[in-house]
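As you go down the protein sequences, you meet chains A and B in turn. Under this note's numbering, the first residue of the first sequence carries the number 1, and numbering increases by one thereafter. Under this note's numbering, the first residue of the second sequence carries the number 1001, and numbering increases by one thereafter.
To be clear, the hints were calculated from the coordinates, so they are not data collected in a lab. For clarity, every value in this text was computed on a predicted model and none was experimentally measured. A couple of the hints might just be wrong.
[To be verified] Here's a subset of chain A near chain B, in silico, CB distances under 7 Å, partners left out:
#1 Q15
#2 K19
#3 H21
#4 L25
#5 T32
#6 Q35
#7 F37
#8 L39
#9 N44
#10 P47
#11 L49
#12 I92
#13 I111
#14 M114
[Claimed, not checked] The calculated DSS-like cross-link candidates involving lysine-lysine, where the alpha carbons are at most 30 Å apart (straight line), are:
#15 B:K1050 to A:K90
#16 A:K93 to B:K1096
#17 A:K43 to B:K1247
#18 B:K1043 to A:K90
#19 A:K14 to B:K1247
#20 A:K13 to B:K1271
#21 B:K1013 to A:K14
#22 A:K2 to B:K1145
#23 B:K1050 to A:K43
#24 B:K1271 to B:K1247
#25 A:K13 to B:K1043
#26 A:K13 to B:K1013
#27 A:K80 to B:K1271
#28 B:K1013 to A:K95
#29 B:K1247 to A:K2
#30 A:K84 to B:K1013
#31 B:K1247 to A:K13
#32 B:K1145 to A:K13
#33 B:K1091 to A:K19
#34 A:K19 to B:K1145
[Unchecked claim] Residues of chain B clear of chain A, computed beta-carbon distances all greater than 12 Å:
#35 E1011
#36 K1050
#37 K1091
#38 S1112
#39 T1143
#40 N1265
Beta carbons are placed, not taken as given, at the ideal position from N, Cα and C, and that holds for glycine.
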Amino acid sequence: MKILTYNMMSCSKKQCVGKGHPLKLDCTESQTLTQDFQLEFIKNMIPRLDWDGIRAVAPMFNINLGDNIEGQLENEEFLKNLFKLVVNTKIIKGKLTCPSCNREYFIENGIPNMLLREDEIYQDIKE
Amino acid sequence: MADENKIKFPEPKSDRDAYIVENSHVHQIYDKIALHFDSTRYKTWPIIEKFLLELNTGLIGIDVGCGNGKYLGVNKNVHLIGSDICSNFAKISNEKGFEALIADGLLLPYKSDTFDFAISIAVIHHFSTFERRVDALREVVRTLKPGGIFLVTAWSITQKWRGKNYDHQDVMVPWLLQGQFSTSKKENENNNNNKNSTTTDSNNNSENSNTNSSSGGNITEKGGTKYEVYHRYYHLFEDGEFERLFKEIPGCEIIKNDLDHDNYNCFVRKK
């Protein structure tokens, strides 16, 4: 799972729609990918990012994006760092925790398992 | 005998019954046949490919029920996140270098009003009640941003192109699992070299099959090759069906719904 994917995610529970993000990320293994920098891609993608989620995880991967994001959207070094974080950083193993209900989801072999158990699904429907 | 394609399947009486049917007649089957499915599903449909290739650089979208991930790499200039309820499909897609999550289509792990586009190809027909089909579509619409486009496809009940004829909308469709892909039997290992015998849902005519309708693993013989037979549940779509489903979902509109090669291709825009 790339950080860009993580940035779009939320808790699977119906009761957490609108408040189950950003998920808290615990990363125990990550991988640096080598995709070539794409300026147009990153510029077009920027308005779609959830900056709270980006700020929360950048330091975990030693990527410094600075404090003033708005002022840097034309700064190529900033854009390269951002690209490195969201496109070229893949979480291999770790855990996602919902900020609302504290449900934990595990990431194994690069794949987050976001399925709920049967009793959790039908608990939501009864409520 | 072609009759086995026409097993009428009673609509589940409760949502939980439907969950159990889909689990045993869809999810578990796909998890078993995932590797074989992957070896037969490499061709992309032109309509879907065209839709993906026309997207602008930097857009972000989802593929709900991504299967073996054959659409995830079509356009390298967009970020497309695949998900499947079958962990083996998520694994296959991830190993190809694509983004893939394990997630339930009814409970998508994404923020609302987020994505520029979404696709769900040949997935919605695996939900076994009207309400669950509406819920699955509503869930995708929830994650789209206003103006976002959703392309959803389903098998139609008229199967002229495939040369089949179904009497009922709710049917079991067999998958003949080749021995080499089997995880449970070893006896077929000598019979797996004939590539031409790879038969799947869309092109097999199972007149030599001799099986009953249970969901899993009976051995059948065809052209000298032994297969394990698995039955997948399908709800085949009819004219007007997507229109009826989306009528239940406020805030979106069907732009276009075409029947092409026995598939409905429905384009929907979130308002």
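Handout entry: Restraint outcome when H21 of chain A is required to lie within 7 Å of chain B by C-beta distance
Key = holds, 5 Å
Practice task
Given the hint that K1247 of chain B pairs with K13 of chain A, test it: the Cα-Cα distance must not exceed 30 Å.
Solution key: Distance ~25 Å between K1247 of chain B and K13 of chain A Cα, so the pair holds.
Exercise for the section: Would you check the hint for K84 of chain A and K1013 of chain B, treating anything up to 30 Å between C-alpha atoms as holding? Expected result: It is violated: about 50 Å lies between the C-alpha atoms, which goes past 30 Å.
Handout entry: Proposed interface contact between L25 of chain A and chain B, which counts if any beta carbon pair is under 7 Å
Key = This interface hint is violated because 13 Å lies over the 7 Å limit.
Problem - Restraint status (C-alpha distance of K1050 of chain B to K90 of chain A at most 30 Å) - result: With a Cα-Cα distance of about 29 Å, the restraint between K1050 of chain B and K90 of chain A holds, given a limit of 30 Å.
Problem - Interface hint for Q15 of chain A, Cβ within 7 Å of any Cβ on chain B - result: violated, 11 Å
Problem - Status of the stated non-contact between T1143 of chain B and chain A (beta carbon gap over 12 Å) - result: The claim is violated: T1143 of chain B sits with its nearest Cβ about 8 Å from chain A, within 12 Å.
Handout entry: Status of the hint placing I111 of chain A at chain B (closest C-beta pair under 7 Å)
Key = holds, 5 Å
Practice task
Decide if the proposed pair is consistent with the structure: K1247 of chain B and K2 of chain A, CA atoms, cutoff 30 Å inclusive.
Solution key: Judged against 30 Å, a Cα distance of about 36 Å means the pair is violated.
Problem - K13 of chain A paired with K1043 of chain B [C-alpha distance capped at 30 Å] - result: violated, 35 Å
Exercise for the section: For the pair we were handed, K93 of chain A and K1096 of chain B, check the Cα-Cα distance against 30 Å. Expected result: With Cα atoms ~18 Å apart, K93 of chain A and K1096 of chain B stay inside 30 Å; holds.
Problem - Distance restraint between K13 of chain A and K1271 of chain B, which requires alpha-carbon spacing of 30 Å or less - result: holds, 25 Å
In terms of the numbered hints stated before, the structure departs from hints 1, 2, 4, 5, 6, 7, 8, 10, 11, 12, 17, 25, 27, 28, 29, 30, 37, 38 and 39, listed from lowest to highest.
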